[in-house]
Amino acid sequence: DAGVIQSPRHEVTEMGQEVTLRCKPISGHNSLFWYRQTMMRGLELLIYFNNNVPIDDSGMPEDRFSAKMPNASFSTLKIQPSEPRDSAVYFCASSPRPTRELNTEAFFGQGTRLTVV
Amino acid sequence: TQLLEQSPQFLSIQEGENLTVYCNSSSVFSSLQWYRQEPGEGPVLLVTVVTGGEVKKLKRLTFQFGDARKDSSLHITAAQPGDTGLYLCAGARRGSGGSNYKLTFGKGTLLTVNP
Numbered sequence: 001d002a003g004v005i006q007s008p009r010h011e012v013t014e015m016g017q018e019v020t021l022r023c024k025p026i027s028g029h030n031s032l033f034w035y036r037q038t039m040m041r042g043l044e045l046l047i048y049f050n051n052n053v054p055i056d057d058s059g060m061p062e063d064r065f066s067a068k069m070p071n072a073s074f075s076t077l078k079i080q081p082s083e084p085r086d087s088a089v090y091f092c093a094s095s096p097r098p099t100r101e102l103n104t105e106a107f108f109g110q111g112t113r114l115t116v117v
Numbered sequence: 001t002q003l004l005e006q007s008p009q010f011l012s013i014q015e016g017e018n019l020t021v022y023c024n025s026s027s028v029f030s031s032l033q034w035y036r037q038e039p040g041e042g043p044v045l046l047v048t049v050v051t052g053g054e055v056k057k058l059k060r061l062t063f064q065f066g067d068a069r070k071d072s073s074l075h076i077t078a079a080q081p082g083d084t085g086l087y088l089c090a091g092a093r094r095g096s097g098g099s100n101y102k103l104t105f106g107k108g109t110l111l112t113v114n115p
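Protein sequences, first through last, are from chains P and X.
For the first sequence, position 107 matches number 107 in my numbering, and the numbering has no gaps at all.
For the second sequence, position 32 matches number 32 in my numbering, and the numbering has no gaps at all.
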């Protein structure tokens with residue numbers, strides 16, 4: 001079975017440009033998460049969805065960040081405008097159970113390495 | 001401030017040695033998970049511990065959840081080069097809304113096992 005699929009794997013963009021990261025979760029999974037990983041801050045939860053509905057976006061750093069999940073098989077994370085401090089690896093993860101249940105295992109994609117110059 | 005502190009941050013050892021890495025917090029968690037991440041990949045779940053004092057074994061890896069559910073340790077016996085990776089702990093707590101669990105990660109321990 002295919003795991004979580006993220007695209008692109010690498011993205012280099014200039015400051016001020018719009019960046020869109022894409023994620024296809026594992027089929028049948030109920031929850032989807034967006035994380036950001038840096039050396040300084042580790043793995044940070046940005047936002048998560050249950051059944052395509054955003055539940056908690058308190059981790060989204062600024063209004064420049066937005067995430068959507070128009071259907072159960074697709075999600076996007078958009079940064080507009082991008083800044084050099086947004087450079088990081090962005091991970092999408094999905095889980096077979098909703099987040100109101102404990103012990104929900106997160107299955108991660110391979111990540112998108114974003115560099116903003 | 002980091003909710004989950006992992007130590008050591010870096011660890012380099014020789015094949016065959018034993019090691020322990022730690023995950024500490026001042027907060028209580030409903031459960032704690034350990035993940036391993038290899039370069040260029042996302043984290044992969046190793047184990048989930050739920051009960052205070054719980055011990056789980058996965059081949060040469062032993063995981064323990066503290067009695068107060070605030071800390072955890074991972075012990076590896078006779079480490080092998082294939083154990084090399086970033087070991088992340090993640091604690092589950094209910095979010096501010098009260099009905100959903102949020103997973104918070106530590107920054108990880110980067111383990112290198114030299115042949």
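Just so you know, not all the hints are guaranteed correct.
Unchecked claim - Dumping the calculated EDC-like pairs for lysine to aspartate or glutamate here, alpha-carbon to alpha-carbon at most 16 Å:
| hint | chain 1 | residue 1 | chain 2 | residue 2 |
| --- | --- | --- | --- | --- |
| 1 | X | K70 | X | E15 |
| 2 | X | K102 | P | E18 |
| 3 | P | K68 | P | E14 |
| 4 | P | K78 | P | E101 |
| 5 | X | K56 | X | E38 |
| 6 | X | K102 | P | E14 |
| 7 | X | K102 | P | E101 |
| 8 | P | K78 | P | D57 |
| 9 | P | K68 | P | D56 |
| 10 | X | K102 | P | D63 |
| 11 | P | K78 | P | E14 |
| 12 | X | K102 | P | E44 |
| 13 | P | K68 | P | D57 |
It should be emphasised that the hints constitute simulated quantities derived from the structure, not laboratory data.
query = So which of those numbered hints doesn't the model satisfy?
reply = Of the numbered hints given earlier, those the structure breaks are 1, 2, 3, 4, 5, 6, 10, listed in rising order.
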